[in-house]
Amino acid sequence: DSGVTQTPKHLITATGQRVTLRCSPRSGDLSVYWYQQSLDQGLQFLIQYYNGEERAKGNILERFSAQQFPDLHSELNLSSLELGDSALYFCASSVVGVNYGYTFGSGTRLTVV
Amino acid sequence: QQQVKQSPQSLIVQKGGISIINCAYENTAFDYFPWYQQFPGKGPALLIAIRPDVSEKKEGRFTISFNKSAKQFSLHIMDSQPGDSATYFCAAAQGGSEKLVFGKGTKLTVNP
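Chains as they are written, first to last, in my numbering: chain A, 102 to 214; chain B, 3 to 114.
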């Protein structure tokens, strides 16, 4: 157990729907990162939050949004889902920044049918 | 545009052999180069990392070799074991950036 908890582990939904992925960071970590892992694109950075504030943004679609709550857990919202959104979504956390190493959760596998 | 190119895509090694995975980058602002190991059904886990001020870093059977002038770095796994069978990702980050740029991964299989 890495200490980063992601729920749910699996999610199957239809095109056009909206889903919410949840991440609880490791105790003491203030930064939360979201990554998308697909077979053809590999691991792609989506967005980072630090202590409740958005810190960095990557290749995140406008249909996707995220937030970090006062208890430091984070949610990734995916809307108007398309078949191509099917992927593994990982959350990672760190104390301060990337140079101290991320700790990844086990991911949420999203299947859009 | 792929900023970190990783090769090979897959690698099969016999138990006790040396596994070598290579990565190349273009962005000279990168100053942190970690390697991650991922087992099926799990998230990537930090294995070892290096900064460009050293040419080599060793931790147990795992060694990173870094060539700043060639903009290349590699992971060597000595005495490879079946338990090392996993997907390995190289990555890079630049100072002041919060994101890691990952290579596409190498699936390593170590045969007993």
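The hints are simulated quantities; they were obtained by calculation from the structure and are not laboratory data.
Some clues are possibly wrong.
Said to hold, decoys possible - Far from chain A, by Cβ distances over 12 Å, these chain B residues were calculated:
{"#": "1", "residue": "Gly18"}
{"#": "2", "residue": "Ser71"}
{"#": "3", "residue": "Met80"}
{"#": "4", "residue": "Ser87"}
{"#": "5", "residue": "Glu100"}
{"#": "6", "residue": "Lys106"}
{"#": "7", "residue": "Asn113"}
Unchecked claim - Result set (BS3-like, lysine-lysine): computed pairs, CA atoms no more than 30 Å apart in a straight line:
{"#": "8", "chain 1": "B", "residue 1": "Lys44", "chain 2": "B", "residue 2": "Lys109"}
{"#": "9", "chain 1": "B", "residue 1": "Lys17", "chain 2": "A", "residue 2": "Lys110"}
{"#": "10", "chain 1": "A", "residue 1": "Lys110", "chain 2": "A", "residue 2": "Lys158"}
{"#": "11", "chain 1": "B", "residue 1": "Lys59", "chain 2": "B", "residue 2": "Lys70"}
{"#": "12", "chain 1": "B", "residue 1": "Lys60", "chain 2": "B", "residue 2": "Lys73"}
{"#": "13", "chain 1": "A", "residue 1": "Lys110", "chain 2": "B", "residue 2": "Lys60"}
{"#": "14", "chain 1": "B", "residue 1": "Lys59", "chain 2": "A", "residue 2": "Lys110"}
{"#": "15", "chain 1": "B", "residue 1": "Lys70", "chain 2": "A", "residue 2": "Lys158"}
{"#": "16", "chain 1": "B", "residue 1": "Lys109", "chain 2": "B", "residue 2": "Lys60"}
{"#": "17", "chain 1": "A", "residue 1": "Lys110", "chain 2": "B", "residue 2": "Lys109"}
{"#": "18", "chain 1": "A", "residue 1": "Lys158", "chain 2": "B", "residue 2": "Lys60"}
{"#": "19", "chain 1": "B", "residue 1": "Lys17", "chain 2": "B", "residue 2": "Lys60"}
{"#": "20", "chain 1": "B", "residue 1": "Lys44", "chain 2": "B", "residue 2": "Lys17"}
{"#": "21", "chain 1": "A", "residue 1": "Lys158", "chain 2": "B", "residue 2": "Lys17"}
{"#": "22", "chain 1": "B", "residue 1": "Lys106", "chain 2": "B", "residue 2": "Lys73"}
{"#": "23", "chain 1": "B", "residue 1": "Lys109", "chain 2": "B", "residue 2": "Lys17"}
{"#": "24", "chain 1": "B", "residue 1": "Lys109", "chain 2": "B", "residue 2": "Lys70"}
{"#": "25", "chain 1": "B", "residue 1": "Lys70", "chain 2": "A", "residue 2": "Lys110"}
{"#": "26", "chain 1": "B", "residue 1": "Lys60", "chain 2": "B", "residue 2": "Lys70"}
{"#": "27", "chain 1": "B", "residue 1": "Lys59", "chain 2": "B", "residue 2": "Lys109"}
{"#": "28", "chain 1": "B", "residue 1": "Lys7", "chain 2": "B", "residue 2": "Lys17"}
{"#": "29", "chain 1": "A", "residue 1": "Lys110", "chain 2": "B", "residue 2": "Lys73"}
{"#": "30", "chain 1": "B", "residue 1": "Lys44", "chain 2": "B", "residue 2": "Lys60"}
Built from N, CA and C at the ideal position, the CB exists for glycine as well.
Cβ separation check - Gly18 of chain B to all of chain A, threshold 12 Å: holds, 29 Å
Does the claim that Glu100 of chain B lies off the interface hold, with its Cβ farther than 12 Å from every Cβ of chain A? Check fails; 4 Å does not lie beyond 12 Å.
Pair hint Lys44 of chain B and Lys109 of chain B, alpha-carbon separation not exceeding 30 Å: holds, 14 Å
Pair hint outcome, Lys110 of chain A versus Lys158 of chain A [Cα-Cα no greater than 30 Å]: Within the cut-off at roughly 24 Å; holds.
Taking 12 Å as the cut and beta carbons as the points, is Ser71 of chain B off the interface with chain A? The assertion about Ser71 of chain B holds, with a minimum of 23 Å to chain A.
Please work out if Lys109 of chain B and Lys70 of chain B have their alpha carbons no farther apart than 30 Å. holds, 25 Å
Agreement of Lys109 of chain B and Lys17 of chain B with the hint, judged by alpha carbon distance not exceeding 30 Å: Since the Cα atoms of Lys109 of chain B and Lys17 of chain B sit roughly 15 Å apart, the hinted pair holds (cutoff 30 Å).
CA of Lys17 of chain B to CA of Lys60 of chain B, is that 30 Å or under? holds, 20 Å
For the pair we were handed, Lys59 of chain B and Lys109 of chain B, check the Cα-Cα distance against 30 Å. Status holds; Cα separation ~22 Å.
Taking 30 Å as the top limit, are the C-alpha atoms of Lys70 of chain B and Lys110 of chain A close enough? With Cα atoms ~40 Å apart, Lys70 of chain B and Lys110 of chain A exceed 30 Å; violated.
Between Lys70 of chain B and Lys158 of chain A, is the straight-line Cα distance small enough, at 30 Å or below? Within the cut-off at roughly 28 Å; holds.
Are the Cα atoms of Lys110 of chain A and Lys73 of chain B separated by 30 Å or less? violated, 38 Å
Checked against the numbered hints above, the structure breaks hints 5, 6, 9, 13, 14, 18, 21, 25, 29 and satisfies the rest.
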